[in-house]
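Fit chain B to the known structure of chain A by using the hints.
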Amino acid sequence: MDIFSNPELIRNTRAQMRWGRMISVAAICAVLSLVVGYAMAHSQSPGDPPGRWGMQFLQIVLGTQAVALLLGGSIACLNAVHREKEMNTFDFQRVTRLTPWELALGKLFGAPVVVYFAVLCLMPAALVGAVVGGARPTMVGAAYVVLLLGSITAHAFSLVISMLHQRGTNTGAILVLIILLLSGASASGPRMVFDVGALNPFISVQMVEQDTWQLSPYTPEQAGLPETHLGLADVFFGQRLHHVPVLLFLYVSFSGWFLLAVTRNLKRDPSVYELYTPNQSLGLLVYVNFLMLGFFKWGSTAEPMARQPMPMQPYDVQAIFLGINLSLFFLLGMVLLRNRDQIRRRLRELGDSASNWLAASWPAPYLLAGILLLGLATMGMISWKRSPKSEWDLALAAFRLGLVALWVVRDLLYLQWINLTRIRRPLTMGFVYLIVFYSSTAILFATLDLYDKPRGQAFTAFFSPAAVFGLTGKEWTGAEVFWWLAMFCQVAVAAAFAWMHRQKQLELAPAPAAAPAAESPLPTVG
Amino acid sequence: MIRLEDLTKEYDVLPTAGKPGQVLATDRLNLEIGEREIFGLVGPNGAGKTTTLKMVCGLLVPTAGRVTVNGIDVERQPEEAQKHIGYLADFFALYDDLKVWEYLDYFAHAYKMEEAAIPARIDFAISKMGLEPKRDSFIAGLSRGMKQRLGIARAVLHDPPVLVLDEPASGLDPKARHELKEFLRELNRAGKTIFITSHVLADLEEMCTSLAILEKGRLVRVGKIEHVMRSDSPGRRVRVKLAMASFPLADWLGARPDVSTVVPEGNFASAIFAFAGGDAELAELVANLVAAGAPVCGVEEVSETLEQIFSRLSSGEIM
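Residue numbers (our numbering), protein chains in the order written: chain A, 8 to 533; chain B, 5 to 323.
In short, the hints are calculated from the structure, not lab data. Every residue gets a Cβ at the ideal spot worked out from N, C-alpha and C, and that includes glycine. Hints should not be assumed to be uniformly reliable.
[Stated by the list, open to error] Simulated restraints on C-beta separations:
| id | chain 1 | residue 1 | chain 2 | residue 2 | range |
| --- | --- | --- | --- | --- | --- |
| 1 | A | L441 | B | A144 | 44 to 50 Å |
| 2 | B | A97 | A | S334 | 49 to 55 Å |
| 3 | A | V38 | B | P178 | 52 to 58 Å |
Looking at chain A on its own, in the form it has when it is part of the complex (with noise of 0.2 Å):
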């Protein structure tokens, strides 16, 4: 089935594309199109290179074309399964004969459909602010596939939101995408520690003031300001790569693994939802440990640059990467999390062995596993690349591995046992009362000045081991004891949540077939 011929792309576009609104919308677009060109051409001083209106009045259609297509279209997405769910139609959709992949692919491109439609509407101003303003025209069309990629990127990553997100959510799950979009807007962030330009598609509006592909002498960080870093070159693991590539590749590798969640779930009770397994899950945060390692200034560590204020240390790039995965490890642990429901069946399928002390310690097996694995993968980096003169113990370091590595197990089976308690919403009061934890204990500590001494620091790791990040050869001395209690008191806390977990398992385990289901007197007919 082509995707022209997707059912669900086709209901979309008739309910949506009506030729009332394909008139309005059409009308909307050309009217502001020649008001915006008209103001742009007047607004031209004499001083100015000629066609420098064109080129701006392309950047503004750009940069309207680029909002519509990921605010307008990422809401579209987000309502286009939870909306469904809402209406009570999602069940009709379930048994038909469309696959997963068809709805899903129905649903990505018809949801924002409208918003496809005026943006087809505005290229004809497009074109004509290209032609004034002398763009070139492949970096005009890469700025559009660049755009178009990063905005089904975006969609895509909508749709999984809307597969999970509950009854009265919906506001709230708008603001937080459009929080993430708008953050994702500055082209700032990856550049302090990556290698790498801006990754959110905005950037296509910066992208066609380039007139050539060669590749800038600079990285991303020596470049500077965002505006003049196209044509650069991204590194990656040392090799220079031009950005629009590196862009379209994560593109269309996120939305890949964003896709793959909603495939694999969309048609399934939402009670049994699971967004990967468990190794699609590693797998997934292989691969982008596998991006952070490739795309990282190594560099800096080895031999500081002229713009780099601090060169980094060791400790400092280990903390880097330690706090990056230990964020994107809680969302593997989150995936990971088994509700009521899915103990149930376990207990009834696998009998005793789904609520043996390996059951009771779920996920924290997968989250060692994968933890020390980045993390001994990321130590290797650090001492490959490092400065001979820097700073570096592997035991230390392999000791604030493991402190992190316990701290999301501990944190993970809290979560696991809340999750199986019978309150409403029982993940996000989780939440909730982690942050009123993590949030009590910080302003407590530092009204007690516990982070500014050594052995303060390794007491409040007893609670909260964030001071980890911290630690290197002067905290731990004389604190070492401290340090291994604190250790030690993560495992303790994690087997407390283990036991109460195992706890929760027995009380949903099915009652001793003792007590047989009322039989009928014919229990068959036909």
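Only chain B this time, still in chain A's reference frame:
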């Protein structure tokens, strides 16, 4: 055709005073529905009817047990099984911004029907459901009953061998309900298996070939309709009518050892009672009644309706 094996669904509700937070919607249901059956599932609200139907369609995953449709495991091969199923939910919405024919066209393609057969099949479904005048109307403008008809048209559109219908008569006027019954019978004669729930028990009694009564997730009665109607009956039920209410009928009947459960009707001019004897004993009872001075003007045997059986068997407790 449809086989339920130890089908169990357990879920949580927020605990309230005196009620558990954990509910067994269906408890180890075992059932086999043969080809060409019209199988009715009856039960009070919350008995697990909709849950059972959703599990048959693969929309809900059972906590334990399995469902097969045409020999296909619904949980393992949902798309393959769903090819054989037409489903209508009890509460549903349609796409208000589509026209009637567009809605059916969407589902015809979604069920991957042969392209050439789609227009004729849409015409058939529209005409069978009496939707011709509304063919080009937007769904938003349809009445509740018309929307229900469109929902049924969608369920039968791809000509599935199994129809799973949850309250299909809901919102239909009496004429449309009658037409629906006729249409379902016609489909059944054409070889379809129909698994149906309804609160209009008279319709089910008239239409179904087999029936199950579900109570708190358990089957309390199941079998061929005649069997269910007969089984566990407390005896023959007889109605005696008097020309006037001048005779203490209920008291007289209540004093006889072969009579039980006397229910007076109207102005005590008639009564229904359970009678343990045969025809000869009934003739003797009537003769004695006349001899005692009762102005008897009618005697008839009353069969128990499905509604009465259901009321008798079901505690009617909402879970």
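Outcome of the hint check:
At about 45 Å, the beta-carbon gap between A/L441 and B/A144 stays in the expected band of 44 to 50 Å. Under the hint 49 to 55 Å, the C-beta atoms of B/A97 and A/S334, about 39 Å apart, miss the expected range. Between A/V38 and B/P178 the beta carbons are some 55 Å apart, a value that agrees with the proposed interval 52 to 58 Å.
Checked against the numbered hints listed earlier, the structure breaks hint 2 alone; every other hint is satisfied.
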